[in-house]
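K.L.:
Below are the chains, spelled out letter by letter.
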Amino acid sequence: MPKQQTSEKIVQRAFMGVALFSITALFLIMLFLVLEGVPIFKEISLKEFVFGLYWYPTSDPADFGIFPLIVASFLVTFLSGVVSIPLGVMTAIYLAEIAPVRTAEIVKPVVELMASMPSVVIGFFGMVVVAPFIQRTFDIPVGLNLFNASLMLAFMSIPTICSISEDAIFSVPQALKEASFALGATHFETIHRVTLPASLSGICTAVILGMSRAIGETMVVLMVAGGAAMLPGSLFDPVRPMPASIAAEMAEAPFGSEHYHALFATGLVLFIFTFVFNLIADYISSRYRQVGEASL
Amino acid sequence: MKTGIKSIIIGVCMAMVAAIPALGEELVLKGSTTVLPIAQKVAEAYMKLHPDIKISLSGGGSSNGIKAILDGTADIGNASRFIKPKEVKLATTKGIYPVPHRIALDCIVPVVHSQNTVTNLTTAQLKEIYLGKIKNWQEVGGKDMKIVVISRDTSSGTFEVWEHLIMNKERVVPSALTVPSNGGLVQAVASTPGAIGYIALGYLNQEVKALSVNSIPGTPETTRNGQYSISRPLFMFTNDWPRGTTADFLNYLLSTKGQTLVEEVGSITVY
Chain A
1 MPKQQTSEKI VQRAFMGVAL FSITALFLIM LFLVLEGVPI FKEISLKEFV FGLYWYPTSD
61 PADFGIFPLI VASFLVTFLS GVVSIPLGVM TAIYLAEIAP VRTAEIVKPV VELMASMPSV
121 VIGFFGMVVV APFIQRTFDI PVGLNLFNAS LMLAFMSIPT ICSISEDAIF SVPQALKEAS
181 FALGATHFET IHRVTLPASL SGICTAVILG MSRAIGETMV VLMVAGGAAM LPGSLFDPVR
241 PMPASIAAEM AEAPFGSEHY HALFATGLVL FIFTFVFNLI ADYISSRYRQ VGEASL
Chain B
1 MKTGIKSIII GVCMAMVAAI PALGEELVLK GSTTVLPIAQ KVAEAYMKLH PDIKISLSGG
61 GSSNGIKAIL DGTADIGNAS RFIKPKEVKL ATTKGIYPVP HRIALDCIVP VVHSQNTVTN
121 LTTAQLKEIY LGKIKNWQEV GGKDMKIVVI SRDTSSGTFE VWEHLIMNKE RVVPSALTVP
181 SNGGLVQAVA STPGAIGYIA LGYLNQEVKA LSVNSIPGTP ETTRNGQYSI SRPLFMFTND
241 WPRGTTADFL NYLLSTKGQT LVEEVGSITV Y
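Protein chains in written order, with UniProt numbering: chain A, 1 to 296; chain B, 1 to 271.
Simulated from the structure, these hints should not be mistaken for lab results.
Everything numeric in this text was worked out from a predicted model, so none of it was measured.
Some hints here could point you the wrong way.
As the list claims (entries may be wrong) - Heads up, simulated SDA-like pairs for lysine to any residue below, C-alpha to C-alpha not over 20 Å straight-line:
{"no.": "1", "chain 1": "B", "residue 1": "LYS41", "chain 2": "B", "residue 2": "SER255"}
{"no.": "2", "chain 1": "A", "residue 1": "LYS42", "chain 2": "A", "residue 2": "GLN12"}
{"no.": "3", "chain 1": "B", "residue 1": "LYS143", "chain 2": "A", "residue 2": "PRO141"}
{"no.": "4", "chain 1": "B", "residue 1": "LYS127", "chain 2": "B", "residue 2": "SER215"}
{"no.": "5", "chain 1": "B", "residue 1": "LYS135", "chain 2": "A", "residue 2": "GLY233"}
{"no.": "6", "chain 1": "B", "residue 1": "LYS133", "chain 2": "A", "residue 2": "PRO141"}
{"no.": "7", "chain 1": "B", "residue 1": "LYS209", "chain 2": "B", "residue 2": "GLN138"}
{"no.": "8", "chain 1": "B", "residue 1": "LYS146", "chain 2": "A", "residue 2": "TYR56"}
{"no.": "9", "chain 1": "B", "residue 1": "LYS67", "chain 2": "B", "residue 2": "GLY95"}
{"no.": "10", "chain 1": "A", "residue 1": "LYS108", "chain 2": "A", "residue 2": "ILE164"}
{"no.": "11", "chain 1": "B", "residue 1": "LYS67", "chain 2": "B", "residue 2": "GLU87"}
{"no.": "12", "chain 1": "B", "residue 1": "LYS135", "chain 2": "A", "residue 2": "PRO141"}
{"no.": "13", "chain 1": "B", "residue 1": "LYS143", "chain 2": "A", "residue 2": "ASP139"}
{"no.": "14", "chain 1": "B", "residue 1": "LYS169", "chain 2": "A", "residue 2": "TYR56"}
{"no.": "15", "chain 1": "B", "residue 1": "LYS146", "chain 2": "A", "residue 2": "ILE140"}
{"no.": "16", "chain 1": "B", "residue 1": "LYS133", "chain 2": "A", "residue 2": "TYR54"}
To be verified - Stretch-level coverage of chain A by chain B, calculated; a stretch enters the list once three of its residues show a Cβ under 8 Å from a Cβ in chain B:
{"no.": "17", "region": "42 to 50"}
{"no.": "18", "region": "53 to 65"}
{"no.": "19", "region": "131 to 141"}
For each residue, glycine too, the CB sits at the ideal point set by N, CA and C.
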């Protein structure tokens, strides 16, 4: 065999090995999660676990209902989306379409840098600065609550949403926009009717990736959500999202106990949620992909 | 090649033989996670003094510690509670004579925001607050302000004491905020005017105000003389009166040096 072909083969195999290794490792982690989480269902039914209203893992008798935790996770994610999606997408539109090139050149890297802000720093900021501020401004008993957590999560997901959306908007073919202008449309009409629809799949992917970052985020919710395992009655009630519960309790849960398995099962539920989120993102990005210029 | 492997095997065997005297005696400690930090700290210091003794430590809870003494799987069983009558009965049938050693004390103080006017609560009032029945500071002689109940995560040792001595098996109201550490609790109480929380005495600082319970302030003295109610002794159990290394380890723990280490991990010394 010629020398080039041999080296080609070797390189191919090496890459396959690396790819297999990372996929296998992830698969094994998933398997471990399932194996450690499933034993809890010997003690209680799936329905009691998912829809149970009380989380008292160390009481005697113990209650392992994670419904308040699931609701909390959803609410913080949803509310952070309410803040971060408009802000992120509008910033992206500004950067891609409206801002002068010089401004965009400075602002875009700054936004991307913000994505690398450690979550513990954001959590600390929320706890020390935002919590007392919210508490005084709205005159409520406690500043560590659903609202504060959503706000902090929004700050975390804005850079993700903004930077991926900006890429999508920026990659809309110039010809489409020129055609729109040629028909007499204004700049705003072009953005609204042509650029945005054309980049919709990219924006949706950005939004869902931002949201799945928010739902899995642990440190922020552990520090600022308040940690009360109950169904919140208002925007200013403390909540306990799933990742916070796992992080706070795992270190002390006796190995192999019901509590230990219940925490793994919670992790499994969380994994299923982020998995579904990513599936949706994948579906949208392939379903509404802009193919060429004809499909608009 | 073969001789290479042979020499490695011989080398390993020799190293193992050489290691045997160095391993010396092994001391096994099991039980309460509350006692664990103390045991760990003291064990480290003790092993430094006696490099020939190896101490192995594990948690698992007070019941596991006492069970380990009954089964003979540990030299010392750690417990944050006294032995139960049922366990004593089991011990006598097995011919085991469990001996408790009081090695440290635990004291939990309720804390409030520094501007709160309340200075004292009874244990009954504390329980009502944590059950969510008393909701306003007015009801216990304070300002008209909603009480923000802050608790610790259910798996913490501090929570365990609180649950045992104040809640008396009833459940903390679900709307209570939970904080994963003593330090985090101080931070949360310091920034929330209506808050009440509880911490191990060692974590008390100027940012929050400690309340007295049943008119007695929580201090090392009131804990030692038994006046302060939210406190408990921490035990190490042995089978029969300790001898040899076990006795030496316990003596070290109860010495002035050992008790200084107890203080360092935030517990209260026994004398």
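K.L.:
Compare the structure with each hint and give your call.
P.N.:
Status of each hint after checking the structure:
no.	hint	in the structure
1	LYS41/B <-> SER255/B	14 Å, holds
2	LYS42/A <-> GLN12/A	46 Å, violated
3	LYS143/B <-> PRO141/A	13 Å, holds
4	LYS127/B <-> SER215/B	16 Å, holds
5	LYS135/B <-> GLY233/A	16 Å, holds
6	LYS133/B <-> PRO141/A	17 Å, holds
7	LYS209/B <-> GLN138/B	18 Å, holds
8	LYS146/B <-> TYR56/A	24 Å, violated
9	LYS67/B <-> GLY95/B	14 Å, holds
10	LYS108/A <-> ILE164/A	11 Å, holds
11	LYS67/B <-> GLU87/B	8 Å, holds
12	LYS135/B <-> PRO141/A	12 Å, holds
13	LYS143/B <-> ASP139/A	15 Å, holds
14	LYS169/B <-> TYR56/A	12 Å, holds
15	LYS146/B <-> ILE140/A	9 Å, holds
16	LYS133/B <-> TYR54/A	18 Å, holds
17	42 to 50	violated (count 0)
18	53 to 65	holds (count 7)
19	131 to 141	holds (count 4)
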